[in-house]
Amino acid sequence: MANPLRRLGVMLATFVGRALGGAFFLLGKARGRKALHPRGEVLQGLIDRRGGVRRTGVSWFDEAGTNHVAVRFSRSLGLRAPRPDILGMALRIAPQPDQFGDVLLATTGTGLVGRYVLLPARRHGLRAYTSLFPYRTTAGPLLLAAIPTPGSPRQYELAYARPTGPWQPFGTLQITQTTYRSQDLDLSFDPVQNIVPGLETYDWAAQLRRFSYAASRRARERRHDQPTSQ
8 MANPLRRLGV MLATFVGRAL GGAFFLLGKA RGRKALHPRG EVLQGLIDRR GGVRRTGVSW
68 FDEAGTNHVA VRFSRSLGLR APRPDILGMA LRIAPQPDQF GDVLLATTGT GLVGRYVLLP
128 ARRHGLRAYT SLFPYRTTAG PLLLAAIPTP GSPRQYELAY ARPTGPWQPF GTLQITQTTY
188 RSQDLDLSFD PVQNIVPGLE TYDWAAQLRR FSYAASRRAR ERRHDQPTSQ
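What the sequence shown shows, in the numbering used here, is residues 8 to 237, in sequence order.
One or more of the hints may lead you astray.
Here are the simulated distance ranges between beta carbons [as the list claims (entries may be wrong)]:
hint, residue 1, residue 2, range
1, G118, P89, 19 to 27 Å
2, G158, P104, 33 to 41 Å
3, T144, A101, 17 to 25 Å
4, R61, P91, 33 to 41 Å
5, P127, S195, 21 to 29 Å
It is worth saying that the hints were derived from the structure and are not from the lab.
C-beta: ideal position from N, C-alpha, C; glycine also.
Using the sequences and the hints, build the whole thing.
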């Protein structure tokens, strides 16, 4: 019974993903930028992993270590501050010298229901950021969160949780440098293709995202290929 239900879920996600992809293509074409999170700020950060209390089979959660990361803060709809918007945090992580993975987080709650609900905020550092969709791991589905540290606006606690379980801290993210402050480098984050080892995307979640990312890229490429008038 699981396989038919899984196939049905993937089919529904594909249908919704294609519809969203079409809408994002038109939006991105009109903007000449990304359809969602069109503008952002790329900073440098350092992740200090002390390891989780419980083993998950995901070495990035379980093992202590450090990672230098690129961190992009953005506003989902591109509304100008201080208007509330769904805020995003994108991390580019290099678990090994010759590979990197992308993690996309957005402002949500942290409760049993709230962790699945996108919530607007006026500025970064006020709300938690979560993956919204669970990752597929050897320990089962796990969510990822970056939770602001009270009194330290440049520091976030990193934690994972089962879909209805408590958050388990495993490290901290510290914004260390502002070399790229007020700049939005040409980074294209894709957690479906660029995977942190052990954090795989479920097929239904990949289908929801895949078409949207592809449509956004096509819109930008088409805009860039068009001749400009003098």
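Status of the hints after comparison with the structure:
1. G118 to P89: 19 to 27 Å: 26 Å, holds
2. G158 to P104: 33 to 41 Å: For P104 against G158, whose Cβ atoms are near 35 Å apart, the range 33 to 41 Å holds.
3. T144 to A101: 17 to 25 Å: 20 Å, holds
4. R61 to P91: 33 to 41 Å: 36 Å Cβ-Cβ, so the 33 to 41 Å window holds.
5. P127 to S195: 21 to 29 Å: 25 Å, holds
Violated hints: none; the structure is consistent with every hint.
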